[in-house]
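Just so you know, the UniProt record's numbering puts 326 at position 326 of the sequence shown, and the rest follows in order with no gaps.
Honestly, I wouldn't trust all of these hints.
[Claimed, not checked] Calculated cross-link-like contacts (lysine-lysine; reagent style DSSO-like; alpha-carbon spacing at most 30 Å):
id : residue 1 : residue 2
1  : Lys-50    : Lys-433
2  : Lys-433   : Lys-227
3  : Lys-228   : Lys-314
4  : Lys-50    : Lys-199
5  : Lys-314   : Lys-404
6  : Lys-227   : Lys-314
7  : Lys-404   : Lys-40
8  : Lys-199   : Lys-404
9  : Lys-199   : Lys-167
10 : Lys-50    : Lys-40
11 : Lys-435   : Lys-310
12 : Lys-314   : Lys-41
13 : Lys-403   : Lys-199
14 : Lys-435   : Lys-40
15 : Lys-50    : Lys-435
16 : Lys-435   : Lys-403
17 : Lys-50    : Lys-228
18 : Lys-435   : Lys-227
19 : Lys-403   : Lys-228
20 : Lys-310   : Lys-404
Just so you know, the hints here were simulated from the structure itself, not pulled from any lab data.
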Amino acid sequence: MTQHRFNSGYIIAISFISALGGYLFGFDFAVISGALPFLKKTFDLAEPWKEGLLTGSLAVGCMVGCVIAGALADRYGRRPGLMTAAIIFALSSVGMAMSGSLNIFIGMRLAAGIGVGMASMLSPMYIAEISPAAVRGRNVAINQLTIVIGILITNLVNYFLADTGAKAWRWMFGLGAVPSLLFLLGVIWLPESPRWLMKANQQERARRILGRIGNPDYAEHTVTDIKKSLQGPQTVSGAGLWSPSVRRFVIAGITLAVFQQFCGINVVFNYTSTIFESVGANLNQQLFETVSIGAVNLLFTILAMWQVDKLGRKPLMLAGAAGLSVIYVVLALLLQNQAAAGMVSVFVLLGIALYATSLAPVTWVLIAEIFPNHLRARATTVAVLALWAAYFLLVFTYPILAKKLGAYVPFYIYAGICVLGFLFVRTRITETKGKTLEEISGYH
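Full structure from sequences and hints, please.
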């Protein structure tokens, strides 16, 4: 058997630069948690639906971004989509910072969501397409690493900006222009996805890029496999996604995406202040908890990157679903009985740690790798669209449920969803560790 050798430094560099799109995701995901106490006063968010709409407007934009990204990625390649995402995000960050009314702010946050949605779909898909099978899980998990780095740095910045006065939120959002411009510069250097180039009949270009990723044997072997996977009709209609040969991949991708959101952990990320306020924590402690969450999230994401290609995807997903269901029940009981903020913090951080090693990175890995080459962009669009729709429903409904039923009740619901997610993964998901993209989709 031919031994394939790889240019590891080049592969990691490509993956990290592409994954800076994840940093933008992490930034806009986290900035709202630190800014929300200020935005409540500035825009008079007394009614819970307004708070939910302001927070969830990012997800609406993300859904639009997914559709745009899918069309761009199929027609023009992965790089143009990533560049467009960076530009949109830079402009919207400045727009949010300068907003003079709630409507303008929500509009700018929705625009930021378009950039985040494009990057959230394209970054992991691009990394999966340029990575050798043996390290694909780790490399796609780099995207999750940059997300959590974005969350931690943003939480730290929010914490230190909080003392600068009522206008602190404007700086919190405006600083998002910096990483987006760095991302744009990095994407200019990236090569195009060799799998997209093969689909676009640019075989020699694809072979040259594969030759930079690995040795000549690897390049030729991969070109041959991609050719086989692209045989037959390549135009996929919306109905074509539900044909018997690919339906199971699409259903699995959508279900995993929805489960990653409905498992409930993003309520903890986005409403940290609200949750800890319910047990008597002051603003300084609320913001400190966001920093603690970011630090734990980063530490355990690094652990997940080390384990995803060793333990495999399925065991990590099962452990995450089962563990979170138990943690949520305990957390709900603590909130219900007004336990000390320190005790609540322990179980919040346990939940973050478990999520960071399982559902957070592994869902993105699976979505990026389970679809056949000829429909990957279209199917990924559908799955990530479902993810952002689920995120919107989650963050929009939490303030309403918390006000009507109590901050603890939704966590019982999320525990039940985790049990259902466990059963789905156990019965419907097969292990993909160590397989090429062509082997996973049955084209090898």
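Consistency of the hints with the structure:
1. Between Lys-50 and Lys-433 the CA atoms are separated by roughly 43 Å; this puts the pair beyond 30 Å, and the hint is violated.
2. A distance of roughly 22 Å separates the Cα atoms of Lys-433 and Lys-227; the hinted pair therefore holds under the 30 Å criterion.
3. Using a Cα cut-off of 30 Å, the hinted pair Lys-228 and Lys-314 holds, with the two alpha carbons roughly 27 Å apart.
4. At most 30 Å may separate the alpha-carbon atoms for a hinted pair to count; Lys-50 and Lys-199 exceed this at roughly 45 Å.
5. The straight-line distance between the Cα atoms of Lys-314 and Lys-404 is roughly 37 Å, outside the 30 Å bound, and the hint therefore fails.
6. A distance of roughly 29 Å separates the Cα atoms of Lys-227 and Lys-314; the hinted pair therefore holds under the 30 Å criterion.
7. The suggested pairing of Lys-404 with Lys-40 holds, with an alpha-carbon distance near 19 Å, which does not exceed 30 Å.
8. For the given pair, Lys-199 sits about 52 Å from Lys-404 by alpha-carbon distance, which is inconsistent with the 30 Å threshold.
9. Under the criterion of a C-alpha separation no larger than 30 Å, the hint pairing Lys-199 with Lys-167 is inconsistent with the structure, at around 50 Å.
10. A hinted pair counts as satisfied when its Cα atoms are at most 30 Å apart, and Lys-50 with Lys-40 qualifies at roughly 9 Å.
11. At roughly 13 Å between alpha-carbon atoms, Lys-435 and Lys-310 fall within 30 Å of each other, so this suggested pair holds.
12. Taking the CA atoms of Lys-314 and Lys-41, the gap is about 45 Å. The hint is violated against a cut of 30 Å.
13. For the proposed pair Lys-403 and Lys-199, the alpha carbon gap of about 51 Å is over 30 Å, so the pair is violated.
14. With a C-alpha separation of about 49 Å, the suggested pairing of Lys-435 with Lys-40 is violated against the 30 Å cut-off.
15. Between Lys-50 and Lys-435 the alpha-carbon distance is near 46 Å, which puts this suggested pair outside the 30 Å criterion.
16. This hinted pair does not check out: Lys-435 and Lys-403 have alpha carbons roughly 47 Å apart, beyond 30 Å.
17. Only pairs whose Cα atoms come within 30 Å are accepted, and Lys-50 paired with Lys-228 is rejected, the gap being roughly 52 Å.
18. Note on Lys-435 and Lys-227: the hinted pairing holds, with a Cα-Cα distance of about 17 Å set against a maximum of 30 Å.
19. Taking the CA atoms of Lys-403 and Lys-228, the gap is about 56 Å. The hint is violated against a cut of 30 Å.
20. Proposed proximity of Lys-310 and Lys-404 is contradicted: the alpha carbons are some 45 Å apart, above 30 Å.
Going down the numbered hints, you'll see the structure goes against 1, 4, 5, 8, 9, 12, 13, 14, 15, 16, 17, 19 and 20, while the others check out.
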